[in-house]
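Let's have the full structure, built from the sequences with the hints guiding it.
Numbering-wise, the sequence shown is residues -8 to 112 according to the working numbering.
Since the hints were made in silico from the structure, they are not lab data.
The beta carbon of each residue, even a glycine, is placed where N, CA and C say it ideally should be.
Just to be clear, a hint being listed does not mean it is correct.
[Said to hold, decoys possible] Beta-carbon label-pair distances, calculated as ranges: (1) 43 - 109: 27 to 37 Å; (2) 110 - 12: 17 to 27 Å; (3) -7 - 49: 31 to 41 Å; (4) 105 - 77: 17 to 27 Å; (5) 109 - 4: 40 to 50 Å; (6) 20 - 69: 17 to 27 Å; (7) 16 - 90: 27 to 37 Å; (8) 58 - -3: 41 to 51 Å; (9) 21 - 49: 36 to 46 Å; (10) 20 - 65: 18 to 28 Å.
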Amino acid sequence: MKPKTEEILKRIKRLIKLVVEIVDNFPKKTSAFKIGEQIIDAVTSIGANFVEAQTARSKKEFVSTMGIVLKETKETIYWSEIIKELGLTSSEEIDKILLEAKELAKIFASIILTASKRLKN
-8 MKPKTEEILK RIKRLIKLVV EIVDNFPKKT SAFKIGEQII DAVTSIGANF VEAQTARSKK
52 EFVSTMGIVL KETKETIYWS EIIKELGLTS SEEIDKILLE AKELAKIFAS IILTASKRLK
112 N
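Quick look at the structure:
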């Protein structure tokens, strides 16, 4: 893996750890459990699909898989905002997640844009 790719993967793993840590400390309510499942599904999908994209068989497949990565990142942002609004964790903790997820979303969007341009050439 390229150094930039490895650095992005490290950031994704840190994001996953942050999410798991806050979800593990949610109140023991059915609604919190369901929301926790949703955000964990989304955030772990970011990493799995990012790794999968690195072994894409074509540029088209790479762009498609990175599109899933971006979609799951945006879903993580959505659930983070819901968690913040419901007060399921401290604002400080969820703000870290929101900041990192938004930064990663920008990176993924840029990767998709660059790869899409190369696909057309």
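Cross-check of the supplied hints:
no.: 1; hint: 43 - 109: 27 to 37 Å; result: violated (19 Å)
no.: 2; hint: 110 - 12: 17 to 27 Å; result: violated (38 Å)
no.: 3; hint: -7 - 49: 31 to 41 Å; result: violated (18 Å)
no.: 4; hint: 105 - 77: 17 to 27 Å; result: violated (37 Å)
no.: 5; hint: 109 - 4: 40 to 50 Å; result: violated (27 Å)
no.: 6; hint: 20 - 69: 17 to 27 Å; result: holds (20 Å)
no.: 7; hint: 16 - 90: 27 to 37 Å; result: violated (19 Å)
no.: 8; hint: 58 - -3: 41 to 51 Å; result: violated (22 Å)
no.: 9; hint: 21 - 49: 36 to 46 Å; result: holds (44 Å)
no.: 10; hint: 20 - 65: 18 to 28 Å; result: holds (26 Å)
Hints 1, 2, 3, 4, 5, 7, 8 from the earlier list are contradicted by this structure; the remaining hints agree with it.
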